[in-house]
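Kindly generate the complete structure, drawing on both the sequences and the hints.
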Amino acid sequence: MITMEQLLTKLKTIQPDTKFSERSKALILSTPQTTPRFRLTGYFLNAINFSAAVSLAIIFILFAVSGISFLGKKVLSPSLLPSLSQENLKEEIETINIQLSQIQYYQDSVKKIEVALKETSTDNPNEAAN
Amino acid sequence: MLEGEQLHIKEAKRGNKEAFGVLYDYYLPKIYRFVYLKVNSHPETEDLVHEVFLDAWQNLHGYRYQGFPFSSWLYQIAKNAVIDFYRTSKKNIPIEDVDENILRFDGKNSESLDTELTIEKLKLVIAQLKPDYQDVLIMRFVDDLNHEEIAAALNKSEGAIRLIQHRAIKELKSYYDNYGTTAHQT
Chain C
1 MITMEQLLTK LKTIQPDTKF SERSKALILS TPQTTPRFRL TGYFLNAINF SAAVSLAIIF
61 ILFAVSGISF LGKKVLSPSL LPSLSQENLK EEIETINIQL SQIQYYQDSV KKIEVALKET
121 STDNPNEAAN
Chain U
1 MLEGEQLHIK EAKRGNKEAF GVLYDYYLPK IYRFVYLKVN SHPETEDLVH EVFLDAWQNL
61 HGYRYQGFPF SSWLYQIAKN AVIDFYRTSK KNIPIEDVDE NILRFDGKNS ESLDTELTIE
121 KLKLVIAQLK PDYQDVLIMR FVDDLNHEEI AAALNKSEGA IRLIQHRAIK ELKSYYDNYG
181 TTAHQT
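Chains as they are written, first to last, in the numbering used here: chain C, 1 to 130; chain U, 1 to 186.
FYI, nobody ran anything at the bench for these hints, they're computed from the structure.
Keep in mind that the hints are not guaranteed to be accurate.
[To be verified] Incomplete in silico selection of chain C near chain U, CB under 8 Å:
hint, residue
1, L7
2, T9
3, K12
4, T13
5, I14
6, K19
7, S21
8, S24
9, I28
10, L29
11, T31
12, T34
13, Y106
By construction, the Cβ of each residue, glycine as well, lies at the ideal position given by its N, Cα and C atoms.
Written out as structure tokens, the structure reads:
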């Protein structure tokens with residue numbers, strides 16, 4: 001049994017008329033080709049496209065870099081950061097000093113209380129036993 | 001693929017008419033069959049094929065070898081020419097206008113059929129397929145292009161072409177058998 005693929009190959013018998021092919025070929029070859037001028041134009045157009053793309057990319061990179069540096073100065077600069085100003089630092093150091101002196105005071109008072117308690121217990125041993 | 005094809009193309013690009021003549025002689029029958037099976041009329045096929053080769057000759061500098069044969073480029077031009085033809089003229093052969101005698105045959109006895117009759121019927125059946133299916137079947141089985149060449153001509157992947165070919169054959173067989181049965185019964 002013949003398959004569809006084999007049947008399709010029968011279509012190869014379709015051929016152009018020889019008179020047509022000769023006439024057509026002669027007409028085509030008598031027509032001039034459109035070559036160098038278009039090629040040159042195409043070359044320049046491509047060059048313009050490429051340079052335009054490169055300059056746009058450079059402009060974009062410049063914008064991006066300047067934007068980042070501006071934001072960096074504004075947000076990350078130590079001179080502009082409120083937490084790093086000298087006055088704020090002084091205040092912070094003062095509060096730390098106060099906290100440290102308070103800690104020292106509590107430690108001293110704990111020792112004094114301990115000593116006082118020991119003394120009272122040695123003066124009245126019966127009371128201490130009870 | 002034509003032997004020394006790239007050399008002929010290079011020469012033809014320089015304006016060598018003889019070189020383009022070699023390309024023309026080699027590809028004319030293939031492109032002619034492709035166009036004829038799409039438009040189904042010899043005079044219109046001749047006009048379109050002439051336009052295709054004229055376009056190719058005039059714009060040969062635009063062809064760049066990218067690993068695919070010249071045929072892929074020519075088929076692209078031919079395909080666009082056929083699309084333009086249908087877009088502008090809206091010409092088609094209504095199936096009602098076809099001589100019934102052409103359709104009167106039993107597909108089961110295809111071995112004994114007259115070749116001309118088979119061709120007529122195949123043409124009618126192919127015309128019923130989707131354009132992509134038509135392209136792949138004609139290029140593959142009538143013009144003997146490989147999958148890679150067809151893929152390049154139709155801007156599709158080789159896998160897609162294989163899939164289209166499988167579906168097209170299945171659909172073609174279905175239409176072919178139905179035509180035979182329908183015509184035989186009526």
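Item checked: Violated hints, by number in ascending order, as checked against the structure -> Checked against the structure, the hints that fail are numbers 6 and 13, while the rest are satisfied.
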